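Chains A and B are the protein sequences, given in the same order.
Each residue of the first sequence is one higher than the one before, counting from -6 in the numbering used here.
Each residue of the second sequence is one higher than the one before, counting from -6 in the numbering used here.
In case anyone wonders, no lab produced these hints; they're calculated from the structure.
Be aware that a few hints might be false.
[Said to hold, decoys possible] In silico lysine-lysine, BS3-like type, Cα no more than 25 Å apart, as pairs:
1. B/Lys82 <-> A/Lys117
2. A/Lys86 <-> A/Lys163
3. A/Lys82 <-> B/Lys117
4. A/Lys82 <-> B/Lys196
On a predicted model such as this, the values are computed, not experimentally measured, just so you know.
Protein chains: 2
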Amino acid sequence: MAPLSISEENYLKAVFHLYTPGEGIGTNAIARHLDTKPASVTEMLKKLAEKKLLTYEKYQGVIPTRKGFSLALSIVRKHRLWEYFLVEKLKLKWDQVHEIAEQLEHIRSEVLVEQLDQYLGFPKLDPHGDPIPDREGKMCAQNCCCVSEVKPNSQARISGVKNHTPAFLKHLEKMHLTIGKTVKIIERNEFDQSVELVMNDRKLHISKEVAQNLLVEKLMK
Amino acid sequence: MAPLSISEENYLKAVFHLYTPGEGIGTNAIARHLDTKPASVTEMLKKLAEKKLLTYEKYQGVIPTRKGFSLALSIVRKHRLWEYFLVEKLKLKWDQVHEIAEQLEHIRSEVLVEQLDQYLGFPKLDPHGDPIPDREGKMCAQNCCCVSEVKPNSQARISGVKNHTPAFLKHLEKMHLTIGKTVKIIERNEFDQSVELVMNDRKLHISKEVAQNLLVEKLMK
DNA sequence: ATATTTTTTTAGGTGAAACTAAATTATATT
DNA sequence: AATATAATTTAGTTTCACCTAAAAAAATAT
């Protein structure tokens, strides 16, 4: 089949990211995600449905097909491999790489991706803690939740972010809240939903906004 | 100024490659180079002239401005750095990289290019022997000519190619005519303009087509 | 159950970059 | 110098991906 355009790939990726089993994805949600208008989305969804990449029925919300899903995964794979490359090899900062990877993910070449993967040593996670799909689309299961949902007095390891904006990532870096660090969640303040935690024996206070976008894995003690 | 589209960048690059001092570049030549139609070229040339990237006057043939030239150089720089990366780091074959670099050259990010350059060790030549412009657009002078123009009985080192198609490059590889090899040009046959040469004490016969597209540097003996 | 609001779709239009066909200008030939 | 040929430009379409405004359907509230 004819290769997808960059636009089509971006829509497919949006569908992938917005998908939760059982629910159809709305036109509005996709428009918001891609910073475009609902009318444009409707049009594109029809085109992608023609190509059997998703199921579209008027007013019903959209669901990716197996084919659409696996194509989206291959784009996500490229995005995350490039992010890994940019940070590990080229020494860019973790807040600089998303935008560049948004461009690199559309480069078409099987052999390039496979060689890149090998060159990088088949990494399993990208610099933001997101799993990198392998050639078959398999990726390691993530067992994480955001800090705001962790119950008080538990140990956890910072494992990822939900928000990938440079602003948020720079903020985390400034607070030394980087991936791999171990923290203890002390308590959540009902008033402003901020969270108190301890890292390296130092007390730390994080806002609701941070707590909701910072992912951790609970640790057995 | 607004960034150029991929199409605009490709036209600018074509103009750069077809340029020879003193001559205007014709619409037809550009169309052939880009595998497009002359009518499309005219349109685009007007747009690039608006942006002061080249001088355009009806029927006169086009010449890049300083600005257009330096922009073209920055695209060529990216193309050649990526080719170097693909061959030296990812171990792709020299006949595989051009097509991929045609995509990668359009990735927009200052910091990416500079870090890539550093990561690669500021290479001066790409895998096909073409010079890589530095950040200011400077590149090492090339002192080469094609085998068909070398006078008989002279020593030379293979230094580049004029034709970048996979077919030609694979052919060269099969004949072990790779960059850096030293050869002695024996004689040119008037009949079919083929050339006889010696490499590693073995006699070699190359066709007119090869001789015209293989570049060498003459060696002092 | 009806009315209001929100979501989604349709209809019609825009700009970019290509195309074909026809007209125009430049160049080459006799 | 006139004519034939080649190169270039113009005019008019097409496709893609977006847009706005208005209509239609679905969801929500009264």
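Taking the hints in turn, this is what the structure says about them:
In summary, the hint linking B/Lys82 to A/Lys117 is supported, as the alpha carbons are separated by about 20 Å, within the 25 Å threshold. The suggested pairing of A/Lys86 with A/Lys163 holds, with an alpha-carbon distance near 9 Å, which does not exceed 25 Å. As the CA atoms of A/Lys82 and B/Lys117 are separated by approximately 20 Å, the hinted pair is consistent with the 25 Å bound. Only pairs whose Cα atoms come within 25 Å are accepted, and A/Lys82 paired with B/Lys196 is rejected, the gap being roughly 44 Å.
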